[in-house]
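Undergrad: Chains as they are written, first to last, in the working numbering: chain A, 1 to 349; chain B, 350 to 698; chain C, 699 to 1303; chain D, 1304 to 1908.
Please keep in mind that the hints were generated in silico from the structure rather than gathered at the bench.
Because the structure is a prediction, the values reported are computed rather than measured.
Some hints here could point you the wrong way.
As the list claims (entries may be wrong) - If we take Cβ atoms under 8 Å as the criterion, some of the chain A residues that face chain C in the derived model are:
id, residue
1, 57
2, 59
3, 61
4, 74
5, 79
6, 97
7, 103
8, 162
9, 163
10, 165
11, 231
12, 261
13, 322
14, 342
Said to hold, decoys possible - Footprint (simulated), chain B over chain D, 3 or more residues, beta carbon under 8 Å:
id, stretch
15, 1561-1571
16, 1587-1594
17, 1608-1617
18, 1704-1713
19, 1747-1760
Each residue gets a CB set at the ideal place from its N, CA and C atoms; glycine is no exception.
The residues making up each chain are set out below.
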Amino acid sequence: MPSIVKPLVTHPGLERNALGLTIRDYEGGMSTLCAGCGHDSVTAAITHALWESDTPPHMIAKLSGIGCSAKTAAYFARGAHGFNGCHGRMPPIATGASAANRDLLCIGISGDGDSLSIGLGHLAHLVRRNVRMVYVIENNGVYGLTKGQFSASADVGSTTKRGEANHLQPIDPMFLGLSVGATFLARGFSGDKRQLVPIFRAAMAHRGLAIIDVISPCVTFNDHEGSTKSYLFTRQHDVQMTVTDFVPPAEEITGIIPDQGVVSIPMHDGATLRFRSVPDGYDPTDRLAVIEHLMSAKGRGEIVTGLLYVDEQSSDLHELGNTTDKPLTQVPYEKLCPGSAALAGVGFR
Amino acid sequence: MPSIVKPLVTHPGLERNALGLTIRDYEGGMSTLCAGCGHDSVTAAITHALWESDTPPHMIAKLSGIGCSAKTAAYFARGAHGFNGCHGRMPPIATGASAANRDLLCIGISGDGDSLSIGLGHLAHLVRRNVRMVYVIENNGVYGLTKGQFSASADVGSTTKRGEANHLQPIDPMFLGLSVGATFLARGFSGDKRQLVPIFRAAMAHRGLAIIDVISPCVTFNDHEGSTKSYLFTRQHDVQMTVTDFVPPAEEITGIIPDQGVVSIPMHDGATLRFRSVPDGYDPTDRLAVIEHLMSAKGRGEIVTGLLYVDEQSSDLHELGNTTDKPLTQVPYEKLCPGSAALAGVGFR
Amino acid sequence: MAAQHFAQPRSQVNDFAVKLANVNGTGSSSANNLLMRSIFRMGVPVSGKNLFPSNIQGLPTWYEIRVNKDGHVARARIYDLMVAMNGQTYARDIAEVASGGFTMYDSSWPLDRDLIREDVTYLGVPLAEMCNDEFRGPRERILMKNIACAGALVAMLGIDMEVIAQLLTEQFAGKERLRESNQRALRLGHDFATSHFDFPLPCHVEAMDATRGSILIDGNTAAALGCVYAGATVAAWYPITPSTSLMDAFAKYCAKFRRDPETGRNNYLVLQAEDELAAIGMVLGASWAGARAFTSTSGPGISLMQELIGMGYYAEIPAVVFDVQRVGPSTGMPTRVQQADILACAYASHGDTKHVLLFPASPAECFEMAPTAFDLAERFQTPVFVLSDLDIGMNDWVSPALEWDDSYVPDRGRVLDAGELRELEVYHRYEPADSESVAARTLPGVSDLGAYFTRGSGHTIEGAYTEYPEEYQAVLDRLARKHTAVAEHIPAPVVDDHAHAPLGIVTLGSCELAVLEAIELLGKRDVSADYMRIRGFPFGIAVRAFLEAHDTIVVVEQNRDSQLRTLLTLETPVPKEKLRSVLAYGGYPLSAEDVVDGITKILEA
Amino acid sequence: MAAQHFAQPRSQVNDFAVKLANVNGTGSSSANNLLMRSIFRMGVPVSGKNLFPSNIQGLPTWYEIRVNKDGHVARARIYDLMVAMNGQTYARDIAEVASGGFTMYDSSWPLDRDLIREDVTYLGVPLAEMCNDEFRGPRERILMKNIACAGALVAMLGIDMEVIAQLLTEQFAGKERLRESNQRALRLGHDFATSHFDFPLPCHVEAMDATRGSILIDGNTAAALGCVYAGATVAAWYPITPSTSLMDAFAKYCAKFRRDPETGRNNYLVLQAEDELAAIGMVLGASWAGARAFTSTSGPGISLMQELIGMGYYAEIPAVVFDVQRVGPSTGMPTRVQQADILACAYASHGDTKHVLLFPASPAECFEMAPTAFDLAERFQTPVFVLSDLDIGMNDWVSPALEWDDSYVPDRGRVLDAGELRELEVYHRYEPADSESVAARTLPGVSDLGAYFTRGSGHTIEGAYTEYPEEYQAVLDRLARKHTAVAEHIPAPVVDDHAHAPLGIVTLGSCELAVLEAIELLGKRDVSADYMRIRGFPFGIAVRAFLEAHDTIVVVEQNRDSQLRTLLTLETPVPKEKLRSVLAYGGYPLSAEDVVDGITKILEA
Ligand SMILES: Cc1ncc(C[n+]2csc(CCOP(=O)(O)OP(=O)(O)O)c2C)c(N)n1
Ligand SMILES: Cc1ncc(C[n+]2csc(CCOP(=O)(O)OP(=O)(O)O)c2C)c(N)n1
Ligand code: SF4
Ligand code: SF4
Ligand SMILES: [Mg+2]
Ligand SMILES: [Mg+2]
């Protein structure tokens, strides 16, 4: 049967989070991706971050478009509702869901085709609205599901399996995000879960839209020599800009990363985002400096990873809209209907 | 009658260009915009630049989407074909036209709604393809034709006529363009034709896509106090970064701008683009420096104008596609059809 | 074309039409509105139709006032009085005056002799001259010219000066200076007219008591109010004429009624989307999450929404879409009226789909059908289209005051809460279906027991991915049955079959007034006809019964390709040979004469 | 459901069906293809249908081979031999074996006893075991298992070992090592089979001479070639299954035939657009500028293109759109087949529109109809849709070798050049219209005398902006007439009415083979029927004549809502009561049994 149900085996020895749930409780259906696909590692990292963050599964909303990447929304958090929409249209669907119920932890999963081609306009406007959600781009430089065409993130000179080279400039979601006012930007590599988990956790706590661009190699169509989105190339060119550590509200700050040179950013919910620059002086709160860094790294052919930019001051969708604290879905009808009396003043009489 | 035909009066005294045409020959239908609309001044500057550049009117293709701005494509170059497409879809239509006939001088006229909302994705990909054309954004911060809603370029704090303030971050086409690899970026002000004309001329000669963001106030819906896209506000905050002078291939360089501090950029067709930085050291060929300048100017609340960025090295659509020099529309059918003999090898036998 | 026989001879007291030809952006519309409102205040049935260009300033614009004591206020095709204030359109305008009728013009400049008709009386009022003398500055002069013009018309049409003065007082409450200059201009025109001509004209107003309990309101405002009352909390849209004022009104009334008085915070969120694809996406996302959400748009927006509408249909997500129809195809004529998106909505999206449509005919119905649309969308978990149009949406109509039943309880459809879920052994998204073929849905944020994965790809009744024919068909076939089940809940057609005629006239939406008037006119010529106005799709038994009961059915609608007739052909058992069409699709609101002409032609053929 | 009566009893030489159940991404498809190709080489009519998932690796996938000496190679519903290589789908697969049929399985592991049927013979071949012994490394072992499997089948089905060896030689020309290991694997399977069982099976192949002069080709490749031959120079697309291979092939053949040998420069440009809205925009822009331009897409793309398609219709811009249909609605089943975009294309876009459709039924027709589509698009200055589908587009069909008439001259329609323009007093874009209601267009870059402003807003016959009813209608009415005029140029239907039966069966596209076979089967049961395959829309007189000449018409198509029947109801005078439907829309290619069952039900009712 095309839809595969994962056997539910409980391991009594598994660690439990504050809700008493094990990591298994944050898993989803069995992946139907190719063995070794980067996307599955991203799923694993998200699963872990959700478990660590003690999020009640039913408060998660998983949203995606269409693509191999989009499918992965079914592979974690089986206790959460999912919305596998149309190609490129996840941002507006997520905006609507978040508008209706601001208490949902919206997790959007997208691909480079989904986000940088057909959905680029929506992504830019999602940034503008600063919708509070985690937005993951599983970036492999190709259209996986349609069998390997170049996506808009393919680097100049990167080749297909058959050896044809891409000539068009790539669109880098980090530069795009910076140009339209994104408030949280990070890049990871599916092969480095240790780096990804704290970034996802910080993203979940962020006041607004958190975009995480994850280089996630496509083993079937884009993992050969000549591909700049392959495991090998990424490993060779990965330059970490920051090491990140996320400390939830209630917890004491006893860092995973050594304290030396650590900067702390208080997050809106009382958590603390701590980071240490790897090249001395990288400051993810200084937009201009970030651009400078990223551009010169790009010039050197580096793939820059880590928490790249964060602005915890900007208002999010609901703050901008002055919406009530209660999710709109929970405002009782009596509060919504003005009642017949209010019609007295309606129309010209 | 809603469609107004402009009386064709010939003024014998008018100056003629190399084709023997006067400026009148580059005009179009009578404008139906509001008296004082910035867009009409942009039309005038384009008309002038076309006349100056000795472009045969029939080699011009005018393309637009929908909006007050889009209408203006009918108000110049009556001897040229025009294509008033659908809202936001001008970039792909222009791409198609340019693909079919590379000899056309494509001039795209758009608005901030047309380009930065519904058409943003297309614009970004037009940039990627570096389609050789002049792309004018008549930027007024509002949707003029639908009567004054904020557009995506409205500044934070800018108010409607009724006094409501915009809270969303604006999208600045210059930053957007820089982030996705634009090769020619300029900003002008409809109130300053002297600055606009040489910029349009350079844009017409540019090897690739030239985006010109023109602040073009909407006198009906967005020219009040409180609007940051008003004539007054723009005049007060306009800071010119470069003074530009365009010298066509055949002409001797005897600059309009004093030679001191002038930098010359050779253009692909043999023309010369000359510019002088106004704040010393502004270099429109240094992408990173340009971003730095623009960001800090933005921080100061300045509206930066002039030629902002130029890259004359990158390949354009047809170079990237290795297309024949002859417009595809002129390749004879005999060259296109492989003939019956070639079918011998087709299919599995 | 002009159907002179209707215009003459008849008493013209409270039975006439005036057309005002102006230039866009000169402020004429508020003066025109003033006239219409004062006739309404005098208790006389009236309509005012704005024929405006898709432009902001400088192009021709018209305002048509029809006064009719019997309530026949559909658009008139010829006019008893033409107020010719636009030189550009003079020739065209003059041609539309009834024989024996009047033309008022600005006599500050001489009339072009060529354009003078023998059978029309010309009334010159030197408006520009008078206003130039009386007022300072070009802006005020232009604005006041319109008011002076209104003043002259007040005299000519026998409008009560006190009524209009009262209107000005209301309008300029707190703006004394403005009130005074408007008052002055009004007098200026009025006094000139009364002192130079013998007034009122044969076509004039006399006070009645036919508008008591009524209001003037446009359909977009009414629809917006309907959404507020229906409990919609999320609205997403992209500006497009003629739907924009719907969302403007929604935002306005929300700001008034939905801001928490204690916290000052909003119990609603209006999202101006980046385009229509985003707008419908936001609506689907919000509806999926449990809010009542809607969008408003017009033709081009409907085209752009096709893909996601199909997703809503197939994944069974509620959505309400107001389509305020304008003239297509393509950009078409954005400020003119048609009902030409019927098929684009009924079968929206690729693959096999069928959607639910509602057809309001008046502002009051726009108000009523808003909650109906949400109830249907949520009960049947599917997109619902409210097909209004520019005439209903943007023109002020005399309407019974809007009424609301405070006992209304929203029909949220089958939604399981956490408690209900706990009682189930297992939850499946698409089964079991109830007698209307609807399965229960669950909302995110409620319980992990209700979690499922919404998808537009092939799915089983459990909601799981499938590519197996029988599993796919099980869901798709139920969708077809579900659509059939909606029919019973669609507002019943308005039927008048007391004539027991073999001829039945079927129409929808804003065509109603013209058709009713046409039936009366036909009756005077001994052609009797029954009447049915369809109010939604899928069609219920009453629609079928009417079609069956009549030998000839004429479907009156405003589009080229007879879209309502098409839908009737396909979705009822009626033999298609029985269906005939009267079509008027030039973009103006429908006139009784259009209908009479069309039906006469059919009967004579 | 399984129509056992068709499977038994009959001679099975060159008349049988095999189904291979595999796992996606394991390399089975090239082995399967090899089998099909060798049968073709043996001169026997054959079809191979790939039922693959919308996934890259790990999900079930099937390949169905139908061999039939009479050319009845539509999909079979039950199988004489099942090659059950996927444990996941074993139960399902076994159920599809004909009584008395065979199942081959990998006997490296024991069979699940529960799944064994009494009436089926099980043939175990220890493929995994053999390949693990023979080959190194997991990748090679998996790949070679498929070839070994093919080897066993070669023996079982009596396929000529030399033929298949020759195929391997051709396929691995220059890759000696690969050829050798494939050869070895093939032998492995073959030898095991021949030494363990009595072969060939009753269902087997014997060489014929029925495929001489034929080729194997898929419709997307053929369509792409048609575009190359038609002289298309600009192609714009966005990847989507099952249309992607069309553009891949176009790029491939252009690289081969269209690169200038002297300059090395391309006489074409393929644009991978950012989405489908852009793709159709590029096509309109390029066509407007004078190129032959096209796009290829599938259902969701058609939905996204709606707005611009309407613009193409109204502004009269040529465009060719290949819609390789898959299963809707929404994302649906991207790798399954339906003809369910018929209405979405015929009436695409809001407002009143009607489009031109072509319905190829085979790869050869995909090739032929490409130039027809461009000719119609340019002659009538309008978008033209070629509605292919996944079965035609992606499966290899036995086809007559493609033929090209070198005397073909593209019909570019009425396009004025500079000289012609100089001779005109004045050029108007939309007049005068010729007898087919087409007005001459001009191209940019030719002469300022031909300049006009293309717009989707209301326009006059001169091309100027208008909001006047009569001016708007003049253009819109002509568009309706123009659409009617296309009918005469649509490829005539394929009709076989030699039975002179009162029953007429109407179908389109890839349903053809199944319907023809069904008619033969029905004939054996003394039910005779005439046949018509419709090849395009608008419908011409031949279509009408057939409908008129038959008392009962059964329309066979693959969608839920009988979309072709709908179109016939609306666009021909046929009384709708005469039209009945046989629908099969589960997503598999149509079988004769589906048709026979459906028609029998109708006749018995
Ligand atoms: C409207 C539409 N167009 C095209 C497609 C076909 N399609 C499916 S997935 C995909 C691209 C996926 O690429 P990406 O987003 O990078 O995801 P990946 O598969 O690489 O993870 C495309 C073009 C579609 N489903 N819908
Ligand atoms: C698909 C579609 N949606 C909406 C509209 C309505 N519309 C016409 S113009 C316009 C905005 C124009 O704004 P802008 O591009 O800034 O141009 P301006 O009028 O300000 O010059 C909109 C939303 C449309 N024509 N088509
Ligand atoms: S095709 Fe590529 S992206 Fe898709 S599942 Fe396989 S490896 Fe992953
Ligand atoms: S509304 Fe604004 S943008 Fe439009 S024509 Fe008037 S001034 Fe210009
Ligand atoms: Mg990808
Ligand atoms: Mg604007």
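Undergrad: Each hint: holds or not?
TA: Here is how each hint holds up against the structure:
1. At its closest, the beta carbon of residue 57 (chain A) sits 5 Å from a beta carbon of chain C; the interface hint therefore holds under the 8 Å criterion.
2. Checking residue 59 (chain A) against chain C: minimum C-beta separation of about 6 Å stays under 8 Å; hint holds.
3. Satisfaction of the interface hint for residue 61 (chain A) is found here, the shortest Cβ-Cβ separation to chain C being roughly 5 Å, below the 8 Å cut-off.
4. This hint holds: residue 74 (chain A) has a C-beta 5 Å from the nearest C-beta of chain C, less than the 8 Å allowed.
5. A hinted interface residue such as residue 79 (chain A) counts as satisfied when its beta carbon comes closer than 8 Å to some beta carbon of chain C; here the least separation is about 3 Å, so the hint holds.
6. Checking residue 97 (chain A) against chain C by beta carbon gives a least distance of about 4 Å; that is within 8 Å, so the hint holds.
7. About 6 Å separates the beta-carbon of residue 103 (chain A) from the nearest beta-carbon of chain C, less than 8 Å, and the hint is met.
8. Here the hint on residue 162 (chain A) is broken, as its CB sits about 29 Å from the closest CB of chain C, past 8 Å.
9. Hint on residue 163 (chain A) is violated. Least Cβ distance to chain C is approximately 33 Å, over the 8 Å limit.
10. Evaluation of the residue 165 (chain A) hint against chain C yields a violated restraint, the C-beta minimum of about 33 Å exceeding 8 Å.
11. Interface restraint check: residue 231 (chain A) against chain C, minimum CB-CB distance 28 Å, threshold 8 Å, status violated.
12. Interface hint status for residue 261 (chain A): violated, as the beta-carbon distance to the closest one in chain C is roughly 40 Å, over 8 Å.
13. The beta carbon of residue 322 (chain A) is positioned within 8 Å of a beta carbon in chain C (closest approach about 5 Å), and the interface hint is therefore held.
14. For residue 342 (chain A), the shortest C-beta to C-beta distance to chain C is roughly 6 Å, which falls under 8 Å, so the interface hint holds.
15. Remark: the stretch 1561-1571 of chain D is confirmed as covered by chain B, as 8 of its residues place a Cβ nearer than 8 Å to a Cβ of that chain, reaching the required three.
16. With 8 residues having a Cβ less than 8 Å from any Cβ of chain B, the stretch 1587-1594 of chain D passes the three-residue criterion, so the hint holds.
17. Against chain B, the stretch 1608-1617 of chain D contributes 3 residues with a C-beta closer than 8 Å to a partner C-beta. That satisfies the three-residue criterion, and the hint holds.
18. Interface restraint, the stretch 1704-1713 of chain D with chain B: holds (9 residues with C-beta to C-beta distance below 8 Å; minimum three).
19. Counting residues of the stretch 1747-1760 of chain D whose CB falls under 8 Å from any CB of chain B gives 13; the rule of at least 3 is met.
Checked against the numbered hints listed earlier, the structure breaks hints 8, 9, 10, 11, 12; every other hint is satisfied.
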